[in-house]
Amino acid sequence: MGSFFTPLSWHDAPFILTGILNTIYISTVAIIIGTILGLMVGFLRAESNRFTNVLMGGGLDVLRSVPLIIQLILFSTYIGATGHPLDPFVAGSIVLSLYTMAFMSEVFRGGFESVQQPMQVAARSLGLTYWQTVRYIRLPIGMRAVFPSWLGVALSVIKDSALVSVIGYMELLRTSEQLISRTQQPLQILIGVGFFYFLISYPLSLYGKRVEGKMVS
Amino acid sequence: MDYVFHWNIVFAKMPQLLHGAFVTLHVSVLSMLLGIVIAVLLAIARMSDSKKISLPATIWVEIARNTPALFHIYMAYFGLGAFGIHLSPYFAVLSALVFVNAGYLTETFRGGFQSIPPTQYHASKSLGMTSMQAYMYIILPQMFRRIYHPMTNQFVWSILMSSLGILVGMNELSGETQRLQSLSFRTLEFFIVAAVMYFIITRFVLFAASLIAGRVFRGDV
Numbered sequence: 389m390g391s392f393f394t395p396l397s398w399h400d401a402p403f404i405l406t407g408i409l410n411t412i413y414i415s416t417v418a419i420i421i422g423t424i425l426g427l428m429v430g431f432l433r434a435e436s437n438r439f440t441n442v443l444m445g446g447g448l449d450v451l452r453s454v455p456l457i458i459q460l461i462l463f464s465t466y467i468g469a470t471g472h473p474l475d476p477f478v479a480g481s482i483v484l485s486l487y488t489m490a491f492m493s494e495v496f497r498g499g500f501e502s503v504q505q506p507m508q509v510a511a512r513s514l515g516l517t518y519w520q521t522v523r524y525i526r527l528p529i530g531m532r533a534v535f536p537s538w539l540g541v542a543l544s545v546i547k548d549s550a551l552v553s554v555i556g557y558m559e560l561l562r563t564s565e566q567l568i569s570r571t572q573q574p575l576q577i578l579i580g581v582g583f584f585y586f587l588i589s590y591p592l593s594l595y596g597k598r599v600e601g602k603m604v605s
Numbered sequence: 005m006d007y008v009f010h011w012n013i014v015f016a017k018m019p020q021l022l023h024g025a026f027v028t029l030h031v032s033v034l035s036m037l038l039g040i041v042i043a044v045l046l047a048i049a050r051m052s053d054s055k056k057i058s059l060p061a062t063i064w065v066e067i068a069r070n071t072p073a074l075f076h077i078y079m080a081y082f083g084l085g086a087f088g089i090h091l092s093p094y095f096a097v098l099s100a101l102v103f104v105n106a107g108y109l110t111e112t113f114r115g116g117f118q119s120i121p122p123t124q125y126h127a128s129k130s131l132g133m134t135s136m137q138a139y140m141y142i143i144l145p146q147m148f149r150r151i152y153h154p155m156t157n158q159f160v161w162s163i164l165m166s167s168l169g170i171l172v173g174m175n176e177l178s179g180e181t182q183r184l185q186s187l188s189f190r191t192l193e194f195f196i197v198a199a200v201m202y203f204i205i206t207r208f209v210l211f212a213a214s215l216i217a218g219r220v221f222r223g224d225v
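Just so you know, the sequences run in chain order A and B.
The numbering used here numbers the first residue of the first sequence as 389 and each following residue consecutively.
The numbering used here numbers the first residue of the second sequence as 5 and each following residue consecutively.
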């Protein structure tokens, strides 16, 4: 009797590649949208008074203190209950982007606040308008200061994107799960998957450390 | 949207959910304690001059930091089976969390230790302290202040990461929620309650941590 399970072969390569590309795809989308939203929210938080800050902070705290996997399940169930189910990619991107935004906004808020009052006053006294000060002084200087933290958040998003598999998006970990259930070779496949994540994440984290090192000195 | 919420089913299962929350806390506290012990050893190893000692520690740290937590849990649950090691969901999640916590905390400890200038050690020695005294009274108390907040964050991360137990059928808060909702199909209600419980747990941990910090460091953190 032939085996029920078929071993891993080169025919699986396109399938794995799709998983890899999907992981990169959804992480990139989440990082870009999360960065844009985070920049806006971070700016609002750096500028607003105590009351609106507490209000916004509360909402962001919810995104940060409920596990991502619960957020994904809740969102996709909710969308399903409304009767207009979304594509797993769209649903996953929305949740992952908002989650990213919650962390990015803290990073950018720190960046905006790192540009001290005297520098802003100096810019204004040179005749720059409020928005020019934001655009030419606070944004470039503040963002440079928080670049390593931004990179740290971006890296964690790539790793967290593995969770989007729970709502059915075929990213790397889910492709590997399916291969494991067919081939029954969990160790080889998982090591391959881990190696891939490492390959993306490690060089970027080294780069982040180098930039940070340069800033301190 | 014509979805009718039925909360009674959820409240009837509250004891099980609370037990799940207890398991969540249990596994994260344990993973933190074991993680701290291993991280101290790894941090010492990483700062060693001998490559033979520092390299394994470096590899541990970089793998833990550069691959997803879910990958570690799958590795512990499915991957170790290849060596004939079959862990229960609880131990699979626990060992994965210990591995990740140890990796992150090693960097925290190393950073905290290196932030204390070595001149302080020499100064204490010149005041007649022994090495032991210098560490106990001068170096470690200062170091503890600097690593306190990163450690609190790591603990919160452990709580959130333990929710991945849902994928290997563990009975912590998420897994328990998943099991209970599959019996009644009140998915939204159950997961909303679970989300609220996670929120309360993490807020409480952060609040308690800031209270303790206020007491121990008397404000000057």
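If you are wondering where the hints come from, they were derived from the structure by calculation, not from laboratory data.
Be aware that one or more of the hints could be misleading.
Heads up, simulated EDC-like pairs for lysine to aspartate or glutamate below, C-alpha to C-alpha not over 20 Å straight-line [unchecked claim]: (1) Lys547/A to Asp53/B; (2) Lys602/A to Asp6/B; (3) Lys55/B to Glu111/B; (4) Lys129/B to Glu111/B; (5) Lys597/A to Glu111/B; (6) Lys56/B to Glu111/B; (7) Lys597/A to Glu66/B; (8) Lys547/A to Glu66/B.
Status of each hint after checking the structure:
Restraint check for Lys547/A and Asp53/B: not satisfied, since their Cα atoms lie roughly 32 Å apart, outside the 20 Å limit. Note on Lys602/A and Asp6/B: the hinted pairing is violated, with a Cα-Cα distance of about 57 Å set against a maximum of 20 Å. With a C-alpha separation of about 17 Å, the suggested pair Lys55/B and Glu111/B falls inside the 20 Å cut-off, and the hint holds. The hinted pair formed by Lys129/B and Glu111/B fails the criterion: a straight-line CA distance of about 27 Å is larger than 20 Å.
For the hint pairing Lys597/A with Glu111/B, the CA-to-CA distance comes to about 12 Å; that is within 20 Å, so the pair holds. Restraint check for Lys56/B and Glu111/B: the C-alpha separation of about 19 Å stays at or below 20 Å, so the hint holds. Taken as a hint, the Lys597/A and Glu66/B pair is honoured in the structure, with Cα atoms around 13 Å apart against an allowance of 20 Å. Only pairs whose Cα atoms come within 20 Å are accepted, and Lys547/A paired with Glu66/B is accepted, the gap being roughly 14 Å.
Figure legend: structure checked against the earlier numbered hints; hints not met, in rising order: 1, 2, 4.
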